[in-house]
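Enquirer: The listed protein sequences correspond, in order, to chains A and B. Just so you know, the first sequence maps onto residues 1 to 387 in our numbering. Just so you know, the second sequence maps onto residues 388 to 774 in our numbering.
Hints are not guaranteed to be accurate.
Said to hold, decoys possible - Covered by chain A, per the in silico footprint, the following chain B stretches (three or more residues, Cβ under 8 angstroms):
| hint | segment |
| --- | --- |
| 1 | 505 to 518 |
| 2 | 676 to 688 |
| 3 | 709 to 718 |
Derived from the structure by calculation, the hints contain no laboratory data. No residue lacks a Cβ here, since even glycine has one placed at the ideal position from N, Cα and C.
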Amino acid sequence: MEKTESSKTAGKPIQCRAAVARKAGEPLVIEQVIVAPPNAHEVRIRIICTSLCYSDITFWKMNVPPAIFPRILGHEAIGVVESVGEEVDEVTEGDTVIPTFLSDCGECTDCRSKKSNLCSKFPFKLSPWNHRDETSRFTDLKGETLYHFLYISSFSEYTVVDIANLTKIDASIPPNKACLLSCGVSTGVGAAWRTANVEEGSSVAIFGLGAIGLAAAEGARLCGAKRIIGVDVNPEKFETAKKFGVTDFVNSRSCGNKTVSQIINEMTDGGADYCFECVGLASLVHEAYACCRKGWGKTVVLGVDKPGAQLSFSSLEVLHSGKSLMGSLFGGLKPKSDIPILVKRYMDKELNLEEFITHEVRFEDINKAFDLLTQGKSLRCVIWMDK
Amino acid sequence: MADNQSSTTAGKPIRCRAAVARGPGEPLVIEEVIVAPPNPHEVRIRIICTSLCYSDITFWKMKDPPGCFPTIFGHEAIGIVESVGEEVDELNEGDTVIPQFLSDCGDCVDCRSKKSNLCSKFPFQVSPWTHRDETSRFTDLNGETLYHFLYVSSFSEYTVVDIVHVTKIDPSIPPNRACLLSCGVSTGVGAAWKTAKVKAGSTVVVFGLGAIGLAVVEGARLCGAKRIIGVDVNPNKFEIGKKLGVTDFVNSGSCGNQTLSQVINEMTDGGADYCFECVGLLSLVNEAFACCRKGWGKTVVVGLHKLGSKLSFDSFEVLHSGKSIRGSFYGGLKPKSDIPILAKRYMDKELNLDEFVTHEVSFEDINNAFDLLTGGKCVRCVIWMNK
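Excised from the complex, chain B in its bound form:
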């Protein structure tokens, strides 16, 4: 079914392969599924390739709600429009598109404001459905509903995505680079560029050198940061960090009697201008706050923490320090305007995406990607749909 011409499949269900997660933590099963045609305001996409992000793993392992099964995971991808539903003018069959979990309706107060990327018309929720009518476009061969993931569900040869979750891009960018802009790299680069607005000549600390942290490093480098300190428990991360712009490495396991923030305050003579937490550990957010510079330092929370967890700060310290705290969701980027900008920066050889792709597998080996990421052995593993 991989190379259907849209004239033969438009308006009809498509039967294709998908990697279905049937239970928490269980290896995905490649099976035939039925993908319904797109409803109004929706687009059906043939996925070219998709990459694994830690958020897929988090929800794949989750036994309690909002974890739910059976689900088609995957949310970082690139594809080609196979057919469009009614009311879709923005895209045509054959367009190259990147789906993204964050909506961009272009119409609401937030989308029209320069200061926000949090679409109010289609607010983000961890939902198992499509965004507009809360139903599913996927069924298995027994007719059982398969749940969507983050409005994208890219671990399938075909998927159906709402137009507010799709960005058209220049097809000349290699797909195994473009797919990274669908989530992880955009999130990290944006956190430095849009949320923190890192200034040239400044000092930055990045806690956690996974794909997100490395993307923050890349973003800070592009903004002209003079010093980028990378913090991780794994010293192997330093080599790849260096390629993206890390100037100093701190092994958080080797601080001796000192706390991480004490070490960094010494290195920076009083704290960094910007600290980014890119792991999702409450204690690291506090360390980040403690070593961002008084007076003007910004602490940016990028990592996804355990649901229900609370961040806690000393009130006196907040009052007296002049430091600020802010989260960054999708790097503060507006997908439809900012993803094309990043794609162009890659084509202009300014933005480094090559280093992020450490592994590539074919669709049937998708579980290898899960093993590599849970084992901390890859940055981004790209999964190719085509045989």
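In isolation and in its complexed conformation, chain A is listed as follows:
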């Protein structure tokens, strides 16, 4: 079914392969599914390739709500428009598009404000449905509903995405690089660029050198940070991290009697200008806050922690330190305007995307991608749909 011409399939259900997560933590099953045509304001996309992000793993392993099964996971991808629903003028068949879990309606107060990327018309929620009518476009061959994931569900040859969650891009960027901009790299680069607004010549500390942390380093490098300290438990990460601009490495398991923040405060003579927490651990957020510089330091939370996790700070420290604390969702980026900017920066050879891709597999080997990431052996593993 991979190469149907849209004139034949538009308006009809498509039967194709999808990697279905049927139970928490169990290998995905490649099976035939039925993908309904797009409703009004929706677009059906043929996925070219998709990459695995740790958030997919988090919700794959989780056996309590908001996790839900059977589900088509995947949210970092690139595709080609197969057909559009009514009311869609922004894209047409054949356009190259990147889906994003974060909406960009362009119309609400937040989308129209420079200061926010949190669309109010289609607020982000951990929903198993599409955005507008809260139904699913997927069924298996028995007619059972398959749940969406983060409004995208890219572990499928075809998917249906709301136009608010789609960004049209220049088709000339290699798809295995472009798909990274759908989530991880945009999140990290944006956190440095848009959320923290890293100043040239500044010092930055990044906790966690997975894809998000390395993307934050890349973003800080592009902003002209002078010193980028990478913190991780795995010293092997340093070599790769250097390629993204990390200048110093701290192994958080080798601090001796000192805490990581004490070491960083000493290294920076009082704290870094910006600290990014890219793991999702409250204790690391506290360390980050403790070693960002008093007076003006910014601590940015990027990592996704367990539901219910609490961040806790001495109230006197908050009052007296002059430090700011904030989170960053999708790096503070507005998908439809900022992803094309990042695409261009890649094409202009300023933004490094190559080094993120450590593995590439075919769709039928998608479970290998899960193994590699859970074992900490990959940064980004790209999954190609085409045989």
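We have chain A; now place chain B onto it with these hints.
Expert: Just chain B now, kept in the frame of chain A:
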């Protein structure tokens, strides 16, 4: 001893009256004390008037360290330089000066940076001594050491203050207005002006309409805020709040089934651009965070909380909301440059200080000031030294 000419007293101890706190929560005793001449980098000041701030009360009541006794409290004041120690070029006898608990050395990285007011050379600590050599300039008539308070100790006809804690001002500003700039009003106005950088046309919520909160209101008004919501348990605060710029009042005791933040989110259709906590209650900081607007809202912590207390935030909410949290110490102001600016704004009839002074007493009635403030019956009570 009140009208010594400096030529007769310079270099010698001065015997004068001070209001000494001899035990936690005990009425102050007006007694004769000896005030040593200033050491190098210090200045001896004849206090004209001083006002009572809630922080004086907090430490006056404190039975455990850092509370200590006997202490000369008071830290919000205005005076005239009686004599200067060696190495002091900035001031001369006869200059009108405002002392302040926050240092401004003008020399360290923080003082030279636009982004910080937290002097690193003389960092703020709750200390019972002078800043440089950690000794006291006060003894009672039995020769017993009397402790300093916040480097100022203004409940005395004469005090000795380090040059980094003194700001020279124009003598034409009435002293019972100028003394307010020594702590409370500067803190509040600065929190809006410097820390939050309130933008014209924005919406602001101020939790707690004591002197600090009212000063935040005044600061927000000067910044052009369109809507200033004042929150307090005491509806009597609304009248004075209105005079300083409060446009809406929320009685936190009358929210019915709703939380304070729910009420405010409804009033503002999604949250305020800036929320200031000016009481010192952990739960209020969380309410403030909950009703500042997603995307760009700033929560500013101004109130002093119980020592050792912790502020706690939901990690997911921090990550997803786009809100930021920051404390404001001395309103983010650099004393030596910013206090004169505020003094001028008062003289130009832009900054309203008159409304803050609700009571005035003479020095021997200083305990009345304590009763009025602990009873919630005054905003600022000015204590005049001269008979």
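Enquirer: Against each hint, give a clear statement of whether it holds in the structure.
Expert: Hint-by-hint comparison with the structure:
no., hint, result
1, 505 to 518, "holds (count 3)"
2, 676 to 688, "holds (count 4)"
3, 709 to 718, "holds (count 8)"
Consistency note: the structure conflicts with none of the earlier hints.
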